[in-house]
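Participant: So the protein sequences, as listed, match chains A and B. Here my numbering is used: the first residue of the first sequence is 1, the next is one more, and so on. Here my numbering is used: the first residue of the second sequence is 1001, the next is one more, and so on.
Everything labelled a hint here was simulated from the structure, so no lab data went into it. One or more of the hints may lead you astray.
Stated by the list, open to error - Here are the simulated lysine to aspartate or glutamate pairs, DMTMM-like style, with alpha carbons at most 25 Å apart:
#1 B/K1219 x B/E1196
#2 A/K98 x A/D133
#3 B/K1219 x A/E48
#4 B/K1219 x A/D83
#5 A/K98 x A/E14
#6 A/K98 x A/E48
#7 B/K1146 x A/D83
#8 B/K1146 x A/E14
Said to hold, decoys possible - Take a look, some chain B residues computed to stay more than 12 Å from chain A by CB distance:
#9 D1139
#10 A1163
#11 S1203
#12 D1204
#13 G1241
#14 T1259
None of the values given here were measured: they were computed from a predicted structure. Glycine residues also receive a C-beta, built at the ideal position from the N, C-alpha and C atoms.
What follows is each chain in one-letter form.
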Amino acid sequence: MKAACQIDDQQVWERLRAVADPELPALSVVDLGMIRGITLAEGVLTVELMPTFLGCPALDLIRAAIEQALAPCGTVRAAIVRDEAWTSDRISAEGREKLSAAGFAPPSPVPLALMDWPASPCPCCGSLNTRLDSAFGPTPCRAIHYCRACRQPFEQFKAV
Amino acid sequence: MSPEALAALERYLLAMADDELVIGYRDTEWTGAAPMLEEDLAFSSIGLDEVGHARLFYALLHELTGENIDYRARRPDEYLHARLLELAAAPRYEPAGEHRSNRGWAFAIARQYLYDQFDALRLESVAASTWQPLAQAVDKVRREEKYHLLHTRTWIARLADQAATRERLNAALAECCAYVSGLFEPVAGEPALVAEGVVGAGSDSLQAAWSNVVGGELKRHGITLPLGLPAGQIDGDGGLGGRRGEHGAEWLQQWDDMTSVYRLDPAAIW
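All chains should be modelled from the sequences, with the hints used to inform the complete structure.
Facilitator: Given below as structure tokens:
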């Protein structure tokens, strides 16, 4: 980054890695693959932000957090990406590990067909003897499953 | 794009956005009133998704026309949603203490299922739109909508399984059928959109495809209904008029609820 911006690309990404998803504080927007890119043009730093879910109520908070984290860069704009869909396949390997560590099953690869739902491994005991209880959990991005082996309900980040 | 197609696309996008906004708002009325906690969550989530999709379509409309659409700053007759979507399903408690039970859970499931099937076909028909921003944007919407259909299909099977709930489901589907033609009411200028590949299929072919899919799935549960018949062959007027801004009394109530804070204070944030 040059001119108006006080910090370089690497530092921008570093700052973005510190912006947490308010509903999954263990993960950053970078872990989630929500940042498509950063560009600097005419003194404005634009962060291309891909919403995980279009109706996510945390989206405005995330935008504000990004703009705040990058405030030392001068004028910052978090622009919502519409020409490419965010998919759960964008969550990084590190992000998937952080999900597991926080007690969430990471998403399966995105199913091709509607009825094609692989069982999610249980994050407590690792068993595949689980069932999907509801595709809708406490946030738009989480589904509720049940593990028959250890008899625990658990949440999975939805494959989308 | 020709001027005719451009004008029709404005109406088409507005109808898509308003459909999602209006059913999304109705879905959120189940928060705290659904038959079980999981359904409070599910219908709140589905409602959030739909309102998110409406936001996307309003943003596309902005991209197309340069005009900003504030959904709260429009008159009731400026909304182009299908009338099926404005019907009240969730129970309502008036501030004075009066309670209205409205159409109930089976109706909410039946409507959501019939609408999601329609919406899936409509989204498919614009997935290869010659207007690139629309084709690119609906990929995300389709990924999310898959979960809605998964959910409502499960509920249809569940309600069809027992005699008592099956009776309610049948009555709810029949009531919806009196309004489904409104989903397939074309916006003015639709032929230009089809001719220029902005949408892949006109309302007539969507309705035929929808009748096949829905008719086939319900038949597996032993349910047959006069689905997809033209208005006039089913009770009522087929729920037509929405795409021209004509709506019923329940819409006025919903509009009043949706816009009340805005009308008190246009600068309020909540």
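Participant: So which of those numbered hints doesn't the model satisfy?
Facilitator: 1, 3, 4, 8 and 9
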